[in-house]
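Chains as they are written, first to last, in the working numbering: chain A, 15 to 344; chain B, 15 to 344.
I should point out that these hints are in silico values taken from the structure, not numbers from a laboratory. Among the hints, a few may not be true.
Treat identical chains as interchangeable: a pair holds within one or across any two.
Computed list of lysine-lysine pairs in DSS-like fashion (alpha-carbon distance at most 30 Å, straight line) [stated by the list, open to error]:
#: 1; residue 1: K309; residue 2: K156
#: 2; residue 1: K211; residue 2: K70
#: 3; residue 1: K270; residue 2: K248
#: 4; residue 1: K70; residue 2: K248
#: 5; residue 1: K311; residue 2: K181
#: 6; residue 1: K217; residue 2: K181
#: 7; residue 1: K77; residue 2: K248
#: 8; residue 1: K179; residue 2: K311
#: 9; residue 1: K70; residue 2: K217
#: 10; residue 1: K211; residue 2: K270
#: 11; residue 1: K270; residue 2: K77
#: 12; residue 1: K70; residue 2: K156
Single-letter residue listing:
Number of protein chains: 2
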Amino acid sequence: MNLQCRLMHRPVGMPKASDFAFTEEPIPTPQEGEMLLKTRYISLDPAMRGWMNDVKSYLPPVKLGDVMRAGTISEVVASNNSNFAVGEFVFGSAGVQDYLVSNGKDLMKVSPQLAPLPMFLGTLGITGLTAYFGLLHVGLPKAGETLVVSGAAGAVGMIVGQIGKLKGCHVVGIAGEKEKCEYVVNELGFDACINYKVENVGKALRQHCPNGIDIYFDNVGGEILDTVLTQINKFARIPLCGAISQYNATESYAPKNYLSLLVNSAKLEGFIVLNYMNQALPAIQEMAGWLMEGKLKSREQIVQGGVKEFLPTLMMLFEGKNTGKLVLEA
Amino acid sequence: MNLQCRLMHRPVGMPKASDFAFTEEPIPTPQEGEMLLKTRYISLDPAMRGWMNDVKSYLPPVKLGDVMRAGTISEVVASNNSNFAVGEFVFGSAGVQDYLVSNGKDLMKVSPQLAPLPMFLGTLGITGLTAYFGLLHVGLPKAGETLVVSGAAGAVGMIVGQIGKLKGCHVVGIAGEKEKCEYVVNELGFDACINYKVENVGKALRQHCPNGIDIYFDNVGGEILDTVLTQINKFARIPLCGAISQYNATESYAPKNYLSLLVNSAKLEGFIVLNYMNQALPAIQEMAGWLMEGKLKSREQIVQGGVKEFLPTLMMLFEGKNTGKLVLEA
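Chain A with its partners taken away, still in its complex shape (with noise of 0.2 Å):
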């Protein structure tokens, strides 16, 4: 049978459990042209609490009683399309739910000999491309500046520390956790890292950002750009990635600051990874090359279970548990 996690209801605040519905169908059968999938891994975003809502955004809202709209890593098991074999992995949006029947379209090929498979949700995929479109089209690095990552323990925010080290910038993360501080720090070469729950934010960026901000990729919106706002250099730039802090506000934090923008002739920037797709082979083969040579670290965390241990692992994002790109086994 095919497991289907279907959206019931738009949440208000923290989705939960009555949101959803599970629902067990006949494994579909591919006809002519088509191919059986099975969900391999199931990609877990901060951005899945925005489909849910119903507004105007870059993609469609999920319908109710739709299945969650989710990226996926998936199995070919049984093909009538001359383009997939039986046995290749392929890369696409299967949703919350352990098969669907595909005619090849929007999916692209993996291989597990190149890396593991959950990369390609992660470094090698969507996440990866965020982090480096993000910093090196909108946030502009160059060497010597100080860049500023919050979310840094996050999928995103990891890379895109990393990346910003390559290029020569002081990097300085902000995450919830001491472990997660260490490792960016200790693992990942951040040059620091500000443990927000614990530390003054504001204190701690002067004193770690002696020359002010120049690049400030904020995956989390809230207080936290507000503080940062205060401190930036004259052109500096925002690129604005998302802000976890917010999807499950009911009442919105707005950033107060916001005229600091003008004083310093800086810029807060939104964008969609989507807008670069047709730029993102060669991202991926220059994400892979520092990997091979070591310069860039993946890390995915891997969380077992399958599509009905959904909700339980979206929380996790949340509720700040993951380091690194977390990822469901299906």
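We have chain A; now place chain B onto it with these hints.
Coordinates of chain B only, in the frame set by chain A:
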């Protein structure tokens, strides 16, 4: 005697008479290489309010006890400097006072034969350059796009909208009086103008911007910025020029819809005209050309009464009483 208006206290909220003092000093005597300037026109700018605050900004705050900073057109009335002859006029920053001795540094000659002198504080001066660079270098207008400009009948806004029309944009202004709206539509050629004091801005924007908003040139900040954020298009640009609604606010209004920047891959970008001074001359020449061809209209509102009228004239800006560039005749 040299009548001077000095900043004595840092205003809280709206500036008031007791924040300033008038002093009379003997007219200074130019030494070798110097000249005596008699102030003829004083520029009134919303940014002056920011200069009164003791905060790090793009210019240092006016020191308590100092003559209030202001852009000026002055006449050379005595000269020991071979580069400047008596009877010539210069643009500079002589401040809110009748006389200044200068060595000629940071002055720019202006000619009453080319344009009325107050225009060199407006369309052919810093104000015009602010509109020009903010729209063309930050706003990046393309023909067919929709440009919304707040403070539409103000010195900067009226130029922004006209340049927007020259570049083929659909231009919608926002202003605070029926007469101002009529002026920018009937005299300056804006496509529409919303009176934010009587109309529902969100509803009016939906009506006048059926294709969404590509550029919002923000002179006012506050709630209008927040409303515009809900109607921006993908890749929208928001040049952040000013926030006149906020300059006297003791509690700032923060844009709670800023995450619209994220989902629309849009940017909110501050700029300061001083960044562009090395490109000022060709810009002024281009605008002078448009003026001569009748493609651009300039408007100055001249207040009589000299230095002692500084504060009541400044207040006209915050009370929305000016149309076009507000200038005090000294």
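Evaluation of the provided hints:
1. Taking identical chains as interchangeable, the C-alpha atoms of K309 and K156 lie at most 30 Å apart only when both belong to the same chain, with a minimum of 18 Å there against 41 Å between chains.
2. Only between protomers do K211 and K70 lie at most 30 Å apart by alpha-carbon distance; the minimum there is 28 Å, versus 33 Å within a single protomer.
3. For the identical chains of this complex, K270 and K248 are neighbours both inside a copy (19 Å) and across copies (24 Å), given an alpha-carbon limit of 30 Å.
4. In the homo-oligomer, the alpha carbons of K70 and K248 lie at most 30 Å apart only across protomers (11 Å), although the nearest pairing inside one protomer, at 33 Å, exceeds that limit.
5. Taking CA atoms no more than 30 Å apart as the test, K311 paired with K181 passes inside one copy only; the shortest distance there is 15 Å, against 48 Å between copies.
6. With identical chains, the CA atoms of K217 and K181 are at most 30 Å apart within one copy only, with a shortest distance of 26 Å there and 46 Å across copies.
7. With identical chains, the CA atoms of K77 and K248 are at most 30 Å apart between copies only, with a shortest distance of 22 Å across copies and 43 Å within one.
8. Taking the closest pair of Cα atoms, K179 and K311 come within 30 Å of each other only inside a single copy of the chain (12 Å); across copies the shortest separation is 51 Å, beyond that limit.
9. Taking the shortest alpha-carbon separations for K70 and K217, only the inter-copy value of 17 Å comes in at or below 30 Å, while the best intra-copy value is 38 Å.
10. Taking the shortest alpha-carbon separations for K211 and K270, both the intra-copy value of 21 Å and the inter-copy value of 24 Å come in at or below 30 Å.
11. With identical chains, the CA atoms of K270 and K77 are at most 30 Å apart between copies only, with a shortest distance of 26 Å across copies and 34 Å within one.
12. Taking the shortest alpha-carbon separations for K70 and K156, only the inter-copy value of 24 Å comes in at or below 30 Å, while the best intra-copy value is 35 Å.
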